[in-house]
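Novice: Let the hints inform the model, and build the full structure from the sequences given.
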Amino acid sequence: MLATLWRVTRSRWLSPDVLVGNISAWRPRVPGGVREVREVSTSCSLCAKVREHPKKKELSEKKLTRHFVDHRRVKLLAGSGGKGACSFHSEPRKEWGGPDGGNGGDGGSIVIKADKFVKSLAQVVPVYKGEDGQSGGNKNCYGKNGGPTYISVPLGTVVKENGETVVDLSEHGQEYLAVFGGAGGKGNRFFLSNENRAPMSATPGITGQERLLHLELRTMAHAGLVGFPNAGKSSLLRAISNARPAVAAYPFTTLNPHVGIVNYRDHEQVAVADIPGIIRGAHLNRGLGISFLRHIERCPFLLYVLDLSTPEPWTQLQHLRYELDQYEPGLSQRPQAIIANKMDLPEAREKIETLKSLVTQRVIPVSALTGQNTEELILHLRELYDSYLLGEGSGERKPARW
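Number 72 in numbering that gives the first Met the number 0 belongs to position 73 of the sequence shown; there are no gaps in the numbering.
Note that these hints are calculated values from the structure, not bench results. Each hint should be verified, as a subset may be incorrect.
[Said to hold, decoys possible] Quick list of simulated restraints, FRET-style, between CB atoms:
(1) Gln371 / Glu209: 52 to 60 Å
(2) Asp385 / Glu160: 35 to 43 Å
(3) Lys159 / Thr206: 23 to 31 Å
Values in this document were obtained by computation on a predicted structure and should not be read as measured data. For glycine and all other residues, C-beta sits at the position ideal for the given N, C-alpha and C.
Specialist: As structure tokens, then:
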């Protein structure tokens with residue numbers, strides 16, 4: 000009977016179906032009443048679990064605004080100098096060795112540096128404190144100087160103080176020494192003279208410089224898409240470049256500028272900026288206000304995006320030019336092109352001829368939704384860029400390369 004029971008038990012545990020079904024519940028016991036946990040291989044096709052790679056979701060515009068910051072108010076405190084030491088040299092058979100107090104180290108300065116790999120001011124903190132210099136020591140030991148503190152900012156950052164521009168950081172690697180570190184104090188060795196053979200005085204370090212600056216980012220792009228809300232600027236930027244701004248059917252979808260790169264076969268790159276929607280009275284700080292009008296200042300040429308689904312799209316062009324000129328005189332007269340968007344709608348085809356008869360600039364009809372005629376826009380964008388390079392070649396400022 001014992002032999003029969005042993006054969007039944009052995010066949011039950013060796014059955015593949017039973018083994019797979021009870022593999023998770025099987026835990027052999029060990030002395031002491033504690034179960035021993037063993038790693039079970041699941042490499043077989045019956046036990047393996049299919050794992051899918053999670054897809055990376057695109058950030059919404061509301062979350063993107065947390066990463067994009069175009070202005071910061073920072074307080075800079077340079078490092079203070081270390082104090083000088085007051086000591087006298089003393090050793091066996093040389094009790095009166097004289098003063099040997101060393102000087103303190105200089106405080107660290109704070110430098111603002113333009114970096115092309117930084118795209119936002121989000122990493123800039125409100126307060127920066129430089130490194131203090133170390134105090135001097137005996138045996139004429141000087142204190143260590145405080146190291147400089149670097150603040151990396153994007154290209155196109157303007158540093159202002161009390162509303163006045165101090166410096167414009169528009170080139171990679173350009174640095175601005177914002178605050179100077181304090182000088183280190185003098186040790187009593189410094190005051191040794193023929194009249195004073197045993198000076199007892201030492202000076203403390205000087206406090207570092209303190210400034211309150213305002214950092215303002217102005218987008219560095221070659222072309223700027225200018226238009227009213229819901230004109231299709233974000234959709235157009237997605238159609239011609241590698242940018243992926245948020246797109247939705249409600250006003251003010253874009254809450255911060257997006258820069259997309261248009262690549263050409265000769266490896267040339269043109270940067271196009273999607274400026275948030277401008278409304279009437281934007282120069283009076285209405286809507287998104289002048290906080291984003293300043294991003295257009297850096298664009299050498301403009302692309303007016305008109306919504307042809309509106310009753311009179313040519314009036315949008317007049318209002319846009321008026322707002323730009325009120326913000327900065329002559330801003331609307333830069334090299335430009337007019338983009339008639341939403342040509343996939345039936346009512347838009349009836350207004351394109353009227354628009355061309357009312358304006359003297361080139362009108363490019365496109366549809367950002369279907370991609371219609373976007374090739375003509377990309378080619379014309381390259382023509383504007385080449386003309387810009389020829390015009391700036393003889394000027395003082397060099398064109399920005401991406």
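Novice: Each hint should be assessed against the structure and marked as holding or not.
Specialist: Going down the list of hints, with the structure as the test:
no. : hint                        : result
1   : Gln371 / Glu209: 52 to 60 Å : 58 Å, holds
2   : Asp385 / Glu160: 35 to 43 Å : 38 Å, holds
3   : Lys159 / Thr206: 23 to 31 Å : 24 Å, holds
Of the numbered hints given earlier, the model fails none.
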